[in-house]
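There are 2 protein chains.
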Amino acid sequence: MSDTRDIELLIDLMARLPGLGPRSARRAVLHLIKKRGQVLLPLADAMHRVGTSARECLNCGNISTRDICPICDSEKRGNGQICVVEDVADLWAMERSGVFQGRYHVLGGTLSALDAVGPEDLRIPRLIDRIATENVTEVILALGATVDGQTTAHYIADRLPGITVTSLAQGVPVGGELDYLDDGTITAALRARRAL
Amino acid sequence: MSDTRDIELLIDLMARLPGLGPRSARRAVLHLIKKRGQVLLPLADAMHRVGTSARECLNCGNISTRDICPICDSEKRGNGQICVVEDVADLWAMERSGVFQGRYHVLGGTLSALDAVGPEDLRIPRLIDRIATENVTEVILALGATVDGQTTAHYIADRLPGITVTSLAQGVPVGGELDYLDDGTITAALRARRAL
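Respectively, the protein sequence lines represent chains W and R.
Each residue of the first sequence is one higher than the one before, starting from 1 at the first, in this note's numbering.
Each residue of the second sequence is one higher than the one before, starting from 1 at the first, in this note's numbering.
Hint data in this document are derived by calculation from the structure and do not stem from the laboratory.
Worth double-checking, as some hints may not be accurate.
[To be verified] Below, in silico cross-link-like pairs of lysine to aspartate or glutamate (DMTMM-like), each with a Cα-Cα straight-line distance of 25 Å or less:
| # | chain 1 | residue 1 | chain 2 | residue 2 |
| --- | --- | --- | --- | --- |
| 1 | W | K76 | R | E8 |
| 2 | W | K35 | W | D45 |
| 3 | W | K35 | R | E138 |
[Said to hold, decoys possible] Some residues of chain R that are not near chain W, with every Cβ distance over 12 Å (derived):
| # | residue |
| --- | --- |
| 4 | I7 |
| 5 | H31 |
| 6 | H48 |
| 7 | T52 |
| 8 | P70 |
| 9 | A89 |
| 10 | A93 |
| 11 | A132 |
| 12 | A157 |
| 13 | D179 |
| 14 | L190 |
Don't be surprised by glycine CBs; every beta carbon is placed ideally from N, CA and C.
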């Protein structure tokens with residue numbers, strides 16, 4: 001069936017995406033073929049454009065189509081705050097909340113003894129450079145509440161003497177019910193309780 | 001952020017695929033950008049090729065890159081059996097089992113009073129034409145065991161006098177445990193019991 005080779009290749013490639021397996025890749029490809037004009041060809045074009053133009057910001061590691069991303073390039077965002085995140089997905093999550101007005105620094109992962117990820121494998125030296133050259137007043141560590149995330153947070157905090165280093169609060173998520181929360185979260189929320 | 005417009009457009013388009021929502025589309029796009037050479041650009045090319053070449057077989061409704069699909073075109077598959085399926089995904093599922101050696105007919109859906117799908121909306125007239133012109137000995141109805149699927153099966157069977165019309169057996173799936181089966185399947189399996 002050499003004439004269906006392209007379709008089979010497309011299914012194989014789609015099945016490599018996170019969240020899709022062989023079955024959902026087949027469903028997605030059939031959907032794409034049925035919606036050729038509205039979805040398939042625009043998607044192919046968008047992928048081609050992103051594939052040729054997307055790059056990591058030389059300053060912070062964010063992804064955009066320029067060497068310096070719009071956030072690093074914006075005067076408005078230069079308020080002296082740098083929010084340190086693990087991954088671009090975390091940066092996007094922060095941006096969706098719309099509440100942070102400073103700049104970011106994307107580490108590209110966390111320190112991990114198990115996976116042999118050291119400081120030189122992450123964008124940590126570049127962070128220390130930025131603090132020396134940009135007018136930074138506060139470093140906000142927005143790393144995951146995991147062992148590796150917290151190890152990374154402490155490692156970074158130790159290397160930034162003389163700078164205010166903060167981290168995101170831990171506690172009950174908005175809309176969360178106590179009954180469904182784990183013990184660690186309840187303990188953290190109780191310890192960080194505030195006067196009403 | 002006009003420079004991230006292409007990336008946002010790509011996320012929007014990916015989120016329209018079945019099985020992906022906004023969150024998994026963002027994850028998939030970040031994965032694609034990281035694996036630009038191995039996945040993103042090959043995927044864009046494969047989509048473009050499929051988008052410009054994929055078409056429905058004029059005879060059976062299968063999808064390939066030719067006007068007549070490889071199965072309809074193959075002499076070997078002309079054994080007089082036509083397997084009627086709802087959708088190309090069902091044809092692919094039959095082909096994966098590798099057990100059917102005849103040709104197919106893809107209806108493109110099922111009759112449905114609720115969704116106002118009548119016989120002229122499906123590929124039923126073309127099926128009746130094929131039976132008149134091809135040397136058909138048996139029509140195998142491989143339609144879903146749903147109300148609409150069974151209605152469609154009976155409608156087709158009524159319009160094919162003088163032809164052997166069969167349908168897939170209903171019963172316990174291979175590897176299935178009785179405890180987890182619904183009453184309807186157990187009833188069908190008991191009624192169609194066979195001597196060992």
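Verification of the supplied hints:
no. : hint              : result
1   : K76(W) to E8(R)   : 22 Å, holds
2   : K35(W) to D45(W)  : 15 Å, holds
3   : K35(W) to E138(R) : 33 Å, violated
4   : I7                : 6 Å, violated
5   : H31               : 5 Å, violated
6   : H48               : 4 Å, violated
7   : T52               : 8 Å, violated
8   : P70               : 5 Å, violated
9   : A89               : 6 Å, violated
10  : A93               : 9 Å, violated
11  : A132              : 27 Å, holds
12  : A157              : 27 Å, holds
13  : D179              : 25 Å, holds
14  : L190              : 30 Å, holds
The structure is inconsistent with the numbered hints 3, 4, 5, 6, 7, 8, 9, 10, although it conforms to all the rest.
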